[in-house]
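Asker: Chains F and A supply the protein sequences, listed in that same order. Residue 1 is where the first sequence starts when you use the UniProt record's numbering, and the numbers rise one by one after that. Residue 1 is where the second sequence starts when you use the UniProt record's numbering, and the numbers rise one by one after that.
None of these hints come from the bench; they were simulated from the model. Nothing false has been slipped in among the hints.
When chains are identical, the list treats them as one kind, so a pair holds in a single copy or across two.
Subject to a maximum C-alpha distance of 30 Å in a straight line, what follows is the list of computed DSS-like cross-link-like pairs (lysine-lysine):
(1) K287 - K298
(2) K162 - K228
(3) K166 - K228
(4) K189 - K276
(5) K276 - K206
(6) K189 - K228
(7) K298 - K206
Protein chains: 2
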Amino acid sequence: MNKLLIVGTVAYDAIETPFGKTDKILGGAATYIGLSASHFNVKSAIVSVVGDDFSQEYLDLLSNRNIDISGIEIVKEGKTFFWSGLYHNDLNSRDTLDTQLNVLADFNPIVPEDFKDSDVIMLGNLHPNIQIGVLDQLTSKPKLVVLDTMNFWMDCALEELKQVLKRVDVLTINDEEARQLSGEYSLVKAAEIIHTMGPKFVVIKKGEHGALLFNNEQVFFAPALPLKEVFDPTGAGDTFAGGFSGYLAQQGNVSFHNMKNAIIHGSNLASFCVEKFGTQRMESLEKEEVNARLQQFKMLTQFDIELAQ
Amino acid sequence: MNKLLIVGTVAYDAIETPFGKTDKILGGAATYIGLSASHFNVKSAIVSVVGDDFSQEYLDLLSNRNIDISGIEIVKEGKTFFWSGLYHNDLNSRDTLDTQLNVLADFNPIVPEDFKDSDVIMLGNLHPNIQIGVLDQLTSKPKLVVLDTMNFWMDCALEELKQVLKRVDVLTINDEEARQLSGEYSLVKAAEIIHTMGPKFVVIKKGEHGALLFNNEQVFFAPALPLKEVFDPTGAGDTFAGGFSGYLAQQGNVSFHNMKNAIIHGSNLASFCVEKFGTQRMESLEKEEVNARLQQFKMLTQFDIELAQ
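Just chain F, same shape as in the assembly (with noise of 0.2 Å):
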């Protein structure tokens, strides 16, 4: 069974949309992340870091995933990083009305050892510094490394960005992050742009509008499955990476043309994430609900045009 190894955060979040609000809750990148590839046939860590008021049960929940959380570090009375945001009315834009780094401001990830040769990587949104840390403990090369990052870093920390960027395959990013790193409004320019820094492979996440995969010439295009209610967006888009990351881990194959399908994945479990608050949609998910979808997006998407007129 290949190895996946997940690096980010893994956290409380608390959340309001216009349907409701929630206390803290189980959140954090890699907590989307780990749920989503858990879809797959991998072996698979987490490498984070949680204070001791850290719920024993959400670590439970992960474990029974059979995700590895040994990497998860526990820092003796230590706090939980936390975020707390407020979703508008057309869930598109969100204000931040809370951000308590706590124990991840000194975050110093540690690969356990039996994922230091991991065939996939995926690096969900951190500091780049931590990024680099956790590429620099690999002892082989990886098959593929995929980063995740935010307008954030690219206002505070755009150098060491663009130094892990270097040593990436594949960058997840959304439309105006894309513009912003690339200084491009067209996508097209932008990925372009974006190959120039180092990923071979550039998916720009859409969000309600899909989401693309450049690969130099090449172009696939997934859409977001049409939904009649979204309850919470929080996590969508580490879930949709989760779901990239898992199925190329499970497969062993990084071509093109098996990233599309990879895409097609992301965005299948990212449609179940957004339906309820946090984490509970992903809990209950079952495999034949993930397939039924599946052939869903077919029906969306597959034509069979004939070119003879």
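Fit chain A to the given chain F structure using the hints.
Answerer: Showing chain A alone in chain F's frame:
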């Protein structure tokens, strides 16, 4: 050969985008629809009105595309409908600088005898009463009636619009307009509401984010082709409608399955329209270019996922 009847404006446009500006050039919904539909083997006619200030060269351009223009009334001493718009930097929004209805104010459409039994009717964006006036002149039930409209008519002629919608098979509309017409933010719910107003098929155009086709429980999505440069979005929606209705008229098959192909043909033709100012690109467009880009659409969207993992 099947018949396609096109109703809409034939106009003068003056356009300004971040890339330049034009004097009065050829424009109008029926013009773009007609040029686009001329890529299919159909017998088409335009019903419209212009003033005698309208350039013979432009009328010849349409005739030379085998479009029957006997239904374009030329009003003596009348002035042609004029629209002027300024696109913002992202090309996704625009300001209307000037609208002169001129001869359109008293337009009384007359359907040519030979087109009263058309197979497909494409009702371009116009006052709903004019659209009804055309349907009233038909002598046999068409295979398909497609209607395009905009928020302007929802604001000032909603009851008339609702009347014509009852007689329509397909409504093409953009996302904001679908929300306005239905009162629902979710496009899935919006399509459900619009189904109850008459149209069995609802096409929601999302510009650079592609187009959705709804038919009760069935959904299909086509992306817009990611382009390096968008020069002028004017007429893209009408070009889409022309490709959609032209293909369906040619095929004479109005099943959901075939409508998927029509959506792809419409999106494909619209991707050319935006590459130059006004109708310029559509005037020079060759069959080989159209077919090559259809192949790109296949590459962009088709995947071959195995459900067994």
